[in-house]
Amino acid sequence: MADMHRTRQARDRFNFLWEWANPVKFMWFSGKALPWLIGLTVLTMAVSLIWGFFFTPEAVNFGSSVKIIYVHVPTATVAISAWFMMLAASLIWLIRRHHVSALAARAAAPVGMVMTLAALATGAIWGQPMWGTWWAWDPRLTSFLILFLFYLGYMALWAAIENPDTAADLTSVLAVVGSVFAFLSRYAVNFWNQGLHQGATLSLDKEENIADSYWIPLVIGIVGFMLFFVTLVFIRTRTEIRLRRVHALELRERMKDA
Amino acid sequence: MIALLARDMRLAIRAGGGFGLGLAFFLIVSTLVPFAVGPEGAVLARIAPGILWVGALLACLLSLDRIFQLDFEDGSLDLLATAPIPMEGTVAVKALAHWITTGLPLVVAAPVFGALMNMPEPGYWWIFVTLLIGTPALSMIGAFGAALTVGLKRGGLLLSLLVLPLYIPTLIFGAEAATRGIGGFDNTTPLLMLAGITAASVALLPFAASAAIRINLR
Amino acid sequence: MELTARDLTVSRGGVPVLEGLSFTLKPGQVLVLRGPNGSGKTTLLRTLAGLQPPLAGEVSLPPEAIAYGAHADGLKGTLTVAENLAFWASVHGTRDIEPALTRFNLLGLRNRAAQSLSAGQKRRLGLARLLVTGRAIWLLDEPTVSLDAASVGLFADAVRTHVASGGAALIATHIDLGLEAEIFDVTPFKADPDAPSRTPAAFDEAFT
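Residue numbers (full-length UniProt numbering), protein chains in the order written: chain A, 1 to 258; chain B, 1 to 218; chain C, 1 to 208.
Calculated from the structure, these hints are not laboratory results. In this text, a Cβ means the ideal position worked out from N, Cα and C, and glycines have one as well. Wrong hints could be hidden among the right ones.
Unchecked claim - So the derived list for chain A, only partly shown, Cβ under 7 Å to chain C, looks like this:
no., residue
1, Asn163
2, Glu250
3, Leu251
Unchecked claim - Take a look, some chain B residues computed to stay more than 10 Å from chain C by CB distance:
no., residue
4, Ala42
5, Val54
6, Leu79
Claimed, not checked - Restraint-style ranges between C-beta atoms, simulated for each label pair:
no., chain 1, residue 1, chain 2, residue 2, range
7, A, Val42, B, Phe185, 24 to 34 Å
8, A, Thr239, B, Arg154, 43 to 53 Å
9, B, Leu157, C, Met1, 44 to 54 Å
10, A, Asn190, C, Glu64, 24 to 34 Å
Isolated chain A (complex conformation) (with noise of 0.2 Å):
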């Protein structure tokens, strides 16, 4: 990243790639994306939203405890989801240094905290009728708390540097090797405990045991939650380009004072 002059000349040649990532235009085409955005996640969360919680039938064993996949399971794929979009905005800053890109990882990792926390949250209101406890050591419960902190190490990092590129710049290089130490814990979280696992009857990678009234609105509200995550990205990332123009105006006035 120290040849910055060699980036921008490159980025020149494929611009027509890039143009979406220029600040204005995606301040434009954010702007005009956003209603439909917004309409739709109404529309596809308040669908499935409905659909489960009032119009499946209640499972035999559990009662209607069960209803609360309709919100676990889209906040946990929102959550991974997230992060993978943190990664992949990091690389893309990295390497062709777009401002955007670096805004929108920034704007990413609130939401995918706090849907960390849902997950778990929701998990735990689930697990305590089915499973008698509120929290168990389970691979998958457990390297959603990993999720959690690293979701926090990363937003801690942005919020003590003081320079915004120079905090781009790092956080973009811990998201890179935060991603391998957060694979490497899945792995080893589920080596740790693997004689234990419990409830995978319960989760996505199983749905041949859902039966297909749960299914639908499911998928549905996965699409929802997704639609959910990438509004307040798009709000997020407009709110911080802004708050970057105010930044490089302070800065431009203060190099006029000097």
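Starting from the structure of chain A, add chains B and C where the hints point.
Relative to the frame of chain A, chains B and C by itself:
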């Protein structure tokens, strides 16, 4: 590079260098645990490998901010960045110096502290081996965290927040390998994973850490 | 070896401070950098030393040819004068620290711990480091801070000897060193915050 290693170790050993603090901390943790969980031998023996691993990890964490912070403050890091040693080499050597002055004493002392915790005899060997394989990764990962936070005035707490999650795989495999070894089970897989984490950390993290330092020096 | 900067724009915290700088530092030449406080002299020196990338333009020499002397001397208080110097000597692959000790009148202090030195003595030790780098081009940032008149004389002598043997020095300083030097004032190169040509490219792509 040898000069840098010698200098860092000399600085650690001289007055105010903090040599031995990690070891003392390790001893205190090992002493406090029995007070907290009770003197019952069977309980202590069962949790000993885990406690020793966590203790070693925290002791390692204590001195991480010294790896780059002092050199950053007195301008040495700027001069090292312009010196003919590649920054990756500087990072690796400084992590090595940290390991020799902090990690290695912990490795050597751990079996003794294991005795305090009523650990069965194979435990002495296994805690020694797992810490010997694992602590270089702790130093190297810690050096990466220290490189990220070197420009910050009060980076200590943030450093812990960043580094501890990164320590999770090392801790899991290290403690697991020790526990299994003590129980007489096959611990090849966790040992290999532990060695793999150390090897990969030592090989790759100097690049990430030196990138972070260059960003911080800008 | 000749240090040439072409059309250099340097930035501090992402904001350009000096732009369009071009100059050449020839062997045997001393260039004195002038400019008011905060005008970007330190930023320029750090950029030339390779510690931060220029926003635009280029520097002809790799950082390996340059010895950078910053505000901070990079000394370790618990090491002795000789140990401090010997460390930097072996980092740079030179062994002999005696000439450097002699030139900055540090022989009598060689076994003192650096923390017990006065500010001026520390500075002399910091400047002696330049001699053991064995590098031809010196970039010095306010090298005479806390030096007394005699020590300034020692420093000027060292620069004179260095330059006479084919070296060169770029020195940011406000005092007259009594050297045969050209003055290079950076004030005219102060970056214009409103320059339309630069804003889209060098500031943020479209933070306009």
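Was the hint right that A/Asn163 lines chain C, CB cutoff 7 Å?
Holds, about 5 Å.
Using the Cβ atoms, figure out if A/Val42 sits within 24 to 34 Å of B/Phe185.
54 Å Cβ-Cβ, so the 24 to 34 Å window is violated.
Interface hint compliance - A/Glu250 to chain C, C-beta minimum distance less than 7 Å
At 10 Å from the nearest chain C Cβ, A/Glu250 fails the 7 Å test, so the hint is violated.
Check on B/Ala42 being off the interface with chain C, judged by Cβ distance over 10 Å:
holds (47 Å)
Within 24 to 34 Å: is that where the Cβ-Cβ distance between A/Asn190 and C/Glu64 falls?
violated (48 Å)
At the C-beta level, are A/Thr239 and B/Arg154 separated by a distance inside 43 to 53 Å?
At roughly 27 Å between Cβ atoms, B/Arg154 and A/Thr239 fall outside 43 to 53 Å, so the hint is violated.
No chain C beta carbon within 10 Å of B/Leu79's:
Label violated. Min Cβ-Cβ 4 Å, cutoff 10 Å.
Given hint A/Leu251 near chain C, where the shortest CB pair must fall under 7 Å
holds (5 Å)
Determine whether the non-interface label on B/Val54 survives the test: each CB of chain C must be over 10 Å from its CB.
holds (32 Å)
With 44 to 54 Å as the target window, see if B/Leu157 and C/Met1 comply at their CB atoms.
holds (46 Å)
Hint check: violations occur at hints 2, 6, 7, 8, 10; the rest are consistent with the structure.
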